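K.L.:
Given chain A's structure and the hints, the job is docking chain B onto it.
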Amino acid sequence: MTHAIEIRDLHKHFGKNEVLRGIDCTVETGQVVCVIGPSGSGKSTLLRCVNLLEEPTRGKVLVEGVEVTDPDVDIDAVRRRIGMVFQQFNLFPHMTALQNVMIAQQRVLKRGKKEAEKVARTNLERVGIGDKAGSYPAQLSGGQQQRVAIARALAMGPHLMLFDEPTSALDPELVGDVLAVMRKLAEEGMTMLVVTHEMGFAREVADRVLFMDGGVIVEDGSADQVIGDPQQERTRTFLKRVLHPEG
Amino acid sequence: MTDRLPPPVAAEPGGKARLSPRKKQRISRAIQYVVLVAIAVGIVLYADWGSLAENFAKPDVAGKALPELFTVALRNTIIYSVGGFIFSFVLGLVLALMRLSTVRPYRWISTLYIEIFRGLPALLIFLLITFLPLALPGFAVPGGTYGQGILGLGLVGAAYQAEVFRAGLQAVPKGQVEAARSLGMSAARAQITVIIPQAIRIVIPPTTNQFVALLKDSSLVLFLGVSGEYVELAKFGNDLASQYANATPIMVSGLTYLLVTIPLGHLSTRLEKREVRAR
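Protein chains in written order, with this note's numbering: chain A, 1 to 247; chain B, 1001 to 1279.
Okay, chain A solo, but in the shape it has when bound (with noise of 0.2 Å):
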C-alpha cells in the first residue's frame, strides 16, 4: 500500500543553518497527524518541503507515490492534489471571496464558470461562510479569510491538505471557528498534516502527533502517548512550557 505521504532522510540547509537534520516518516490515508514543537524546529519547513515549496538538500519525498523530489516530476500536477492553508491565509487581496474560491479551479482545472462557481459556493458553505462569498478579504475577519483559504484549497478537490499553523495569526475569539472546520474535514476522512500550538485541538483530532526539536523528530506516536504521557525530557520541558505559560 502506498502511503500518503513518505518522507526519507530528509534534509534542509538554508546556507549554513541546518533546518531538518534527517527526518523520516509516514503519513497515511484518512491519517490525521499533528506536527508540534517549539518555533525554529523546522515544523514549517518539513510542511512546505511535501509540496516543494522549500526545495529539499537531501532526501525524498513521496506523495501518494509519487516522488515530488524527482526533478521530473510535473510538480504543477502534484501541486494539484495537495492542498495547503497558511498562517497569513495569502489569500488574493484583488477578489472576492468568491472569486478566491473559483480562480485556480477555472486557471488550473480549466472548470467552466458555471461549475466553478457552483463548486465555489457549495466549499464555502461547507466552511460556512456561504453569505460572505461577495466580500473581499480585506472586509472579512482573519477566522473568515482563513476558511476561505481552506475552502480555496478543498474546491481543488485535493486528496491531502497541509495546514501550517492555520490559528496562530488570529485573535482568540476566532480560532474556534477556523478549528471547528478542521475538526469536520477531519471527520469526513481528509488525510492531514497539521502545523499547530493548539495542544487540545492536537489532543482531541490528531490521530498521531510528532514532536520535532532541532530539525529530528523527537517523538511520534498517539495523542495520548506524546501529550499525555511523554517520553522524552525536551517533549516534558517544551509541554510544560506550553500547557502552563506561567510556569
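Bear in mind the hints are in silico, worked out from the structure with no lab data behind them. Predicted, not measured: the structure shown is a model, and the values here were computed from it. Please note: incorrect hints may appear among the correct ones.
[As the list claims (entries may be wrong)] Keeping only pairs whose Cα atoms sit at most 35 Å apart, straight-line, the calculated DSBU-like set for lysine-lysine is:
id, chain 1, residue 1, chain 2, residue 2
1, B, Lys1174, A, Lys132
2, B, Lys1174, A, Lys110
3, A, Lys240, A, Lys184
4, B, Lys1273, B, Lys1174
5, A, Lys16, A, Lys240
6, A, Lys118, B, Lys1174
7, A, Lys60, B, Lys1174
8, B, Lys1174, A, Lys184
9, A, Lys113, B, Lys1174
10, A, Lys114, B, Lys1174
11, A, Lys60, A, Lys184
12, A, Lys16, B, Lys1174
13, A, Lys113, A, Lys132
14, B, Lys1273, A, Lys132
[Stated by the list, open to error] Simulated restraints on C-beta separations:
id, chain 1, residue 1, chain 2, residue 2, range
15, A, Ala169, B, Ala1188, 26 to 32 Å
16, B, Ala1171, A, Asp229, 18 to 24 Å
17, B, Ala1135, A, His11, 55 to 61 Å
Each residue gets a CB set at the ideal place from its N, CA and C atoms; glycine is no exception.
P.N.:
Structure of chain B alone, referenced to chain A:
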C-alpha cells in the same frame, strides 16, 4: 536656534517675565509678514507692468493661437504622450519582469537598458532618432513623425516605468506566489493571474506621475524637426512667438500644459491616499 528645549522658566508672578516663547513666536511671525508685504509692494511699484503685459500677455496675440492651440497642438501633445506612455508601460513591464527573472541574461539585459536610458538625457535620444534613417538605410520608424516621437518618449519612459513596476512587483507579498503555486498554478500563470494585477494596482499613483513627466518631455519632439500638422504645444508656442516677436504664445502653451498636469498631479495624490487607506 538650539534644538534643545530651554530650561523651564519659573513663571514670575506679577507678569514681569521676559517674553514667553509664544509671544516671541507671534512677534517673529509679524516681522515675516511685514517683509513679505514690503517685497510685494516693491515688485508692484518697480515692475514695468505695461511692458510685461505687452510681451507676455498680449490678448490679440493670444487670440491668434486659437483654435489651433487645442485642435492641433494640445491634440498632438496628447497623441505623443499617450502613445509614448502605452509604449513605456508595456516595455517597462517586460523589463521589470526580466529584471526580477531567475534567468541571469534577462537580468543583465534589463539592467543595462535601464541604466543606459535613465542615464542619458531624453533630448539625446530624440537627436539620435533623427539619425536612425542614416544608420539603417531603408528603415523608417512606422507612423512617421508620430511614430518617432512616440518611440523616443517610449524608450526613455520605459526605463523609468520599469523601475516603478519593479517596486510594485516586489511589494506583492511572497505568500501570494506561494498560495498560487500551491494551488497548482505554474510560475507564469501565478504572475499573470495573481502578481501582476496586484502590482499594477500598487503602481497606479507613481505611474500617474510618470505620465505627467512624459507629457512634459513630449516638448522634446520639437527637436525631431516637426512642423505643420505635427507640432505639439511647446513647438506651437515657440513658432507663434517667433512669428509675432512676442512671448505670449509660449505663456499660453504653458497654461495649456498646466491645465492637464495640475489635475493629474492632484489625481495622483488622491490615488496615493486611497492606496494608503486600502492597506
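K.L.:
Next step is simple, just say for each hint if it's right about the structure.
P.N.:
Hint check:
1. Using a Cα cut-off of 35 Å, the hinted pair lysine 1174(B) and lysine 132(A) holds, with the two alpha carbons roughly 26 Å apart.
2. For the hint linking lysine 1174(B) to lysine 110(A), the alpha-carbon distance of about 25 Å falls within 35 Å, and the restraint holds.
3. For the suggested pair lysine 240(A) and lysine 184(A), the alpha carbons sit about 29 Å apart, so the restraint of at most 35 Å is met.
4. In summary, the hint linking lysine 1273(B) to lysine 1174(B) is supported, as the alpha carbons are separated by about 24 Å, within the 35 Å threshold.
5. Between lysine 16(A) and lysine 240(A) the alpha-carbon distance is near 31 Å, which keeps this suggested pair within the 35 Å criterion.
6. Only pairs whose Cα atoms come within 35 Å are accepted, and lysine 118(A) paired with lysine 1174(B) is accepted, the gap being roughly 30 Å.
7. Restraint check for lysine 60(A) and lysine 1174(B): the C-alpha separation of about 25 Å stays at or below 35 Å, so the hint holds.
8. For the suggested pair lysine 1174(B) and lysine 184(A), the alpha carbons sit about 30 Å apart, so the restraint of at most 35 Å is met.
9. A hinted pair counts as satisfied when its Cα atoms are at most 35 Å apart, and lysine 113(A) with lysine 1174(B) qualifies at roughly 28 Å.
10. At roughly 31 Å between alpha-carbon atoms, lysine 114(A) and lysine 1174(B) fall within 35 Å of each other, so this suggested pair holds.
11. Of the pairs offered as hints, the one joining lysine 60(A) and lysine 184(A) holds, with about 31 Å between alpha carbons and a cut-off of 35 Å not exceeded.
12. For the proposed pair lysine 16(A) and lysine 1174(B), the alpha carbon gap of about 23 Å is at most 35 Å, so the pair holds.
13. Our distance criterion of 35 Å between C-alpha atoms is met by lysine 113(A) and lysine 132(A), whose separation comes to about 19 Å.
14. Under the criterion of a C-alpha separation no larger than 35 Å, the hint pairing lysine 1273(B) with lysine 132(A) is consistent with the structure, at around 27 Å.
15. As the Cβ distance of alanine 169(A) to alanine 1188(B) is approximately 30 Å, the hint placing it in 26 to 32 Å holds.
16. Our hint of 18 to 24 Å for alanine 1171(B) and aspartate 229(A) is violated, since their Cβ atoms are close to 49 Å apart.
17. Range check, alanine 1135(B) to histidine 11(A): about 57 Å between beta-carbon atoms, so the 55 to 61 Å window is met.
Checked against the numbered hints given earlier, the structure breaks only hint 16 and satisfies all the rest.
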